[in-house]
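With the sequences and hints as input, model every part of the structure.
Residue numbers (our numbering), protein chains in the order written: chain Z, 1 to 109; chain S, 1001 to 1116.
It should be emphasised that the hints constitute simulated quantities derived from the structure, not laboratory data.
Ideal Cβ placement from N, Cα and C applies to all residues, glycine included.
Don't take each hint at face value.
Derived lysine-lysine pairs resembling BS3-like cross-links, with alpha carbons at most 30 angstroms apart [unchecked claim]:
1. S:Lys1009 / S:Lys1057
2. S:Lys1071 / Z:Lys96
3. S:Lys1057 / Z:Lys3
4. Z:Lys69 / S:Lys1057
5. S:Lys1057 / Z:Lys96
6. Z:Lys69 / Z:Lys96
7. S:Lys1014 / Z:Lys3
8. Z:Lys3 / Z:Lys69
A short list of chain Z residues far from chain S (calculated; beta carbon distances all over 12 angstroms) [stated by the list, open to error]:
9. Pro44
10. Asn54
11. Thr72
12. His76
13. Val106
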Amino acid sequence: DAKTTQPNSMESNEEEPVHLPCNHSTISGTDYIHWYRQLPSQGPEYVIHGLTSNVNNRMASLAIAEDRKSSTLILHRATLRDAAVYYCILADSWGKLQFGAGTQVVVTP
Amino acid sequence: NAGVTQTPKFQVLKTGQSMTLQCAQDMNHNSMYWYRQDPGMGLRLIYYSASEGTTDKGEVPNGYNVSRLNKREFSLRLESAAPSQTSVYFCAIRDGYLMGTGDEQYFGPGTRLTVT
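Below, the structure written as structure tokens:
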């Protein structure tokens, strides 16, 4: 099964951008790259996903490498509410998500 | 967590007891999933149902059974609970109308289960 590799934690100052890297060297051609985040004591929350092209939505941007072996989630202006564990996940055609340990994002005022 | 409800929110069981976790959705989505999350770890898929009338095993199905009762409801049953099943259980849904579209999942608030 395809897996992802993320840093354990990242720290950012409030209102600064946050770039969260993810490596997925064994990605298959039909796997989608998904990002979810989880706040304490809550279920995961969808952030963004993409297949080959870069994607933008109201929460974040997703930059996908040309060979698709890595991607970066970009939070344009971190707020205290963005402090969470961020998961980079490869989803197969059945929508099955395989979570790793994620990256703990700490935002300091 | 809008659209996905889970009951109960908390449960304490003794080893060997059985129970059923309930999940219901009001978004008319086709696919439903059960995950468990142990402390400090990511979620692991237990079972999923791609559409009404079908169920399949995920990564950690041992000790669990599921029923897709109808399009709205997907239950997870522990027949003989063990301390290793102490975890937080999340239900999720996905439109899944078209294969391979990569659509997102919506998660419920979770059920916190302790087995003593």
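We went through each hint and held it up to the structure:
1. The hinted pair formed by Lys1009 of chain S and Lys1057 of chain S meets the criterion: a straight-line CA distance of about 24 angstroms does not exceed 30 angstroms.
2. Note on Lys1071 of chain S and Lys96 of chain Z: the hinted pairing holds, with a Cα-Cα distance of about 18 angstroms set against a maximum of 30 angstroms.
3. A distance of roughly 19 angstroms separates the Cα atoms of Lys1057 of chain S and Lys3 of chain Z; the hinted pair therefore holds under the 30 angstroms criterion.
4. Note on Lys69 of chain Z and Lys1057 of chain S: the hinted pairing holds, with a Cα-Cα distance of about 28 angstroms set against a maximum of 30 angstroms.
5. Our distance criterion of 30 angstroms between C-alpha atoms is met by Lys1057 of chain S and Lys96 of chain Z, whose separation comes to about 11 angstroms.
6. About 19 angstroms separates the Cα atoms of Lys69 of chain Z and Lys96 of chain Z, which keeps this hinted pair within 30 angstroms; it holds.
7. Of the supplied pair hints, the one linking Lys1014 of chain S and Lys3 of chain Z is violated, its CA atoms being roughly 35 angstroms apart against a limit of 30 angstroms.
8. Using a Cα cut-off of 30 angstroms, the hinted pair Lys3 of chain Z and Lys69 of chain Z holds, with the two alpha carbons roughly 11 angstroms apart.
9. Not every beta carbon of chain S lies more than 12 angstroms from that of Pro44 of chain Z, the smallest distance being close to 5 angstroms; the non-interface claim is violated.
10. Separation of Asn54 of chain Z from chain S is adequate, the least Cβ-Cβ distance of about 15 angstroms exceeding the 12 angstroms criterion.
11. Every CB of chain S lies more than 12 angstroms from the CB of Thr72 of chain Z, the least distance being 18 angstroms, so the non-interface label holds.
12. Every beta carbon of chain S lies more than 12 angstroms from that of His76 of chain Z, the smallest distance being close to 20 angstroms; the non-interface claim holds.
13. At roughly 16 angstroms, the least C-beta separation between Val106 of chain Z and chain S is larger than 12 angstroms, which holds for a residue marked as non-interface.
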